[in-house]
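**Student:** Those protein sequence lines, which keep their order, are chains Y and G.
So for the first sequence, my numbering puts the first residue at 1; every next one is plus one.
So for the second sequence, my numbering puts the first residue at 1; every next one is plus one.
Each hint should be verified, as a subset may be incorrect.
Heads up, the list lumps identical chains together, so a pair's fine if it works in one copy or across two of them.
[Said to hold, decoys possible] Think about it this way: if two alpha-carbon atoms lie no more than 27 Å apart in a straight line, the pair counts; the simulated DSS-like pairs of lysine-lysine are:
no.	residue 1	residue 2
1	LYS94	LYS64
2	LYS287	LYS231
3	LYS94	LYS185
4	LYS287	LYS267
5	LYS231	LYS207
6	LYS106	LYS94
7	LYS201	LYS94
8	LYS263	LYS231
9	LYS131	LYS106
10	LYS263	LYS273
11	LYS263	LYS94
12	LYS185	LYS231
13	LYS64	LYS263
Quick caveat, the hints were computed from the structure, so don't treat them as lab data.
2 protein chains.
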Amino acid sequence: MQVYEISGLDCYMDITVAIDAMGGDHGPHVTVPAALAYLRRNPEVNIVLVGLQDVIESELQAHKAAIGPRLRIHAASEVVTMDDPPALALRNKKDSSMRVAINLVKSGEANACVSAGNTGALMAISRFVLKMLPNIERPAIASILPTLNGHTHVLDLGANVDCTPNHLLQFAIMGAMLVSAVEHKPSPTVGLLNIGAEDIKGNEVVKQTAELLRRSHLNFYGNVEGDDIYKGTTDVVVCDGFVGNVALKTSEGLAQMISTMLKQEFKRNIFTKLAGLVALPVLNRFKSRVDHRRYNGASLLGLRGIVLKSHGSADTVAFENAIERAVEEVRNGVLRRISEQMSLLSEGAA
Amino acid sequence: MQVYEISGLDCYMDITVAIDAMGGDHGPHVTVPAALAYLRRNPEVNIVLVGLQDVIESELQAHKAAIGPRLRIHAASEVVTMDDPPALALRNKKDSSMRVAINLVKSGEANACVSAGNTGALMAISRFVLKMLPNIERPAIASILPTLNGHTHVLDLGANVDCTPNHLLQFAIMGAMLVSAVEHKPSPTVGLLNIGAEDIKGNEVVKQTAELLRRSHLNFYGNVEGDDIYKGTTDVVVCDGFVGNVALKTSEGLAQMISTMLKQEFKRNIFTKLAGLVALPVLNRFKSRVDHRRYNGASLLGLRGIVLKSHGSADTVAFENAIERAVEEVRNGVLRRISEQMSLLSEGAA
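Model the full structure from these sequences, guided by the hints.
**Tutor:** Take a look at the structure:
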């Protein structure tokens, strides 16, 4: 019996990650080689590939790999598709690779789960199977975005469309504990996403949240605006899931537009193509700095278990990064830190 | 007496724009040369420069220009600063260049007003002086953003932090009428900014707004996501001012970060600098495609008069574009179109 019944909290020495091998746009074509590449680089980690046994086996064969003491297959007969409504995936696909991978976290056979599948289903099933941490009302999705001076963590990115100030306070605590754990920052700064720096700005929920954050023991920076995300003004940016999702998707759209336009301009004629060739090493260096694959892996926070959501379109490199994030969260005791802070908060309130 | 008492609705043949010459980070150093440049190119327009007489005169002299039949000065003794709280600017600075410029629209001496000053003050004063159009409860800020295939109009960008479905419906009508007027599109497509394409996505306000939009006579495309803004999926994107402001500022931050990183990479060493020199014409072409100056000029919609807000940091080119937008809105009867649609709507409801 673990403190707070947090699944897979102990056994840091021997970390096991359950991978929903069928999830994502490319399924085992990405998840299996990513797992193999990760294992080659990380001899201390074990991986369980969850999904259709024969499909996973043939993918392993294609990579001249086989199961062994650190890599095993856990069969699951069903697959949650990207179009499955979360409620249906939860109710009707009890032997899906996604659900079985989460079950392994619940039972303690794995310390974390990584899936590139349907976000809504992953959230619904994780919440149902793992349950919430004490005193946390809502789970949140936290992701990393690049900034001028490094990166920042933003949450919630879409789990909650309507939030109360208390929900946002809890998100702030979870985000701060995530950053303090995986980045070894004792007191990460927290910004509240708003439409102006002044206290009088924003809607009622945001104003009340600022009040709660000021009274909390978090390192509250104050209100931040959309551009502060990419300026890297704070270590953590807190917002409700509607706003966070719009900010994230808008960023994806803008980055895609800029990338497409740059390509169009360099492909315009023979001279611009030559210029592109000359500039290629520089452009590649730039690209690697903003490469979204490096930031792949969103944390589903607030659950009694570590669950990482990879982008559905992730390639092998990106999916490997999501596995790495899961391992880092286990290794640095993210769940324990969140739990401790939440008990401090509830003791303070009591 | 004009229909609906819309100030400056008539006299399209002889358009007069009142410019808050003192507004913005650079005041007359930008507004005066922008006005002069605009007049050179547009012989059919009259401009009234509103502000401190001597300051404007000396700026005119610096450009070897003088007042004349198409360019005059209207003295105003006060200036609204960027830090003035809107309520104080409204109450205490009754002879500010901003207020006097808006007064000229109210009195019919000008057909539109352009200001690069304090957005909150501009909104508060415009609303107080000009009043709202019939059946419109809230003004909205609409701006143009570049897309892969042209551009799109997004509103609200920050005037309203809490919106009802009816407010959002009114924004949709105003946005659609703006686009139909200035872009001569008979039935522009309207997208509702949400966190998923499916009907079940989003918060209650958004779901109810979708229902109103489906029942309206607008060309409602359905839900759009953040990335659809830059894909140019619809002609108009509707959202509340909190979400819109975050999307806009996040975009500004990301664009700024990408631009800075590109510059950093090209300035890294002598080889990258040479590559940058070779790539310069291509990079400049790219830059001009996403040049925010081309999109300068946000419309304050819903008022009984045309008011354009220029970015505070606008340069001459950017400010000229804001003047051009004001003239286009007058020329194409934006206010009349919005009023007509709103009466249709209220007749339909009655």
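**Student:** Against this structure, judge whether each hint is valid.
**Tutor:** Do the hints match the structure? See the list:
| no. | hint | in the structure |
| --- | --- | --- |
| 1 | LYS94 x LYS64 | neither (31 Å within a copy, 80 Å between copies) |
| 2 | LYS287 x LYS231 | both (18 Å within a copy, 21 Å between copies) |
| 3 | LYS94 x LYS185 | neither (40 Å within a copy, 51 Å between copies) |
| 4 | LYS287 x LYS267 | both (17 Å within a copy, 15 Å between copies) |
| 5 | LYS231 x LYS207 | within (23 Å within a copy, 33 Å between copies) |
| 6 | LYS106 x LYS94 | within (14 Å within a copy, 67 Å between copies) |
| 7 | LYS201 x LYS94 | between (46 Å within a copy, 24 Å between copies) |
| 8 | LYS263 x LYS231 | both (25 Å within a copy, 16 Å between copies) |
| 9 | LYS131 x LYS106 | within (9 Å within a copy, 60 Å between copies) |
| 10 | LYS263 x LYS273 | both (10 Å within a copy, 20 Å between copies) |
| 11 | LYS263 x LYS94 | neither (45 Å within a copy, 52 Å between copies) |
| 12 | LYS185 x LYS231 | within (19 Å within a copy, 38 Å between copies) |
| 13 | LYS64 x LYS263 | neither (37 Å within a copy, 44 Å between copies) |
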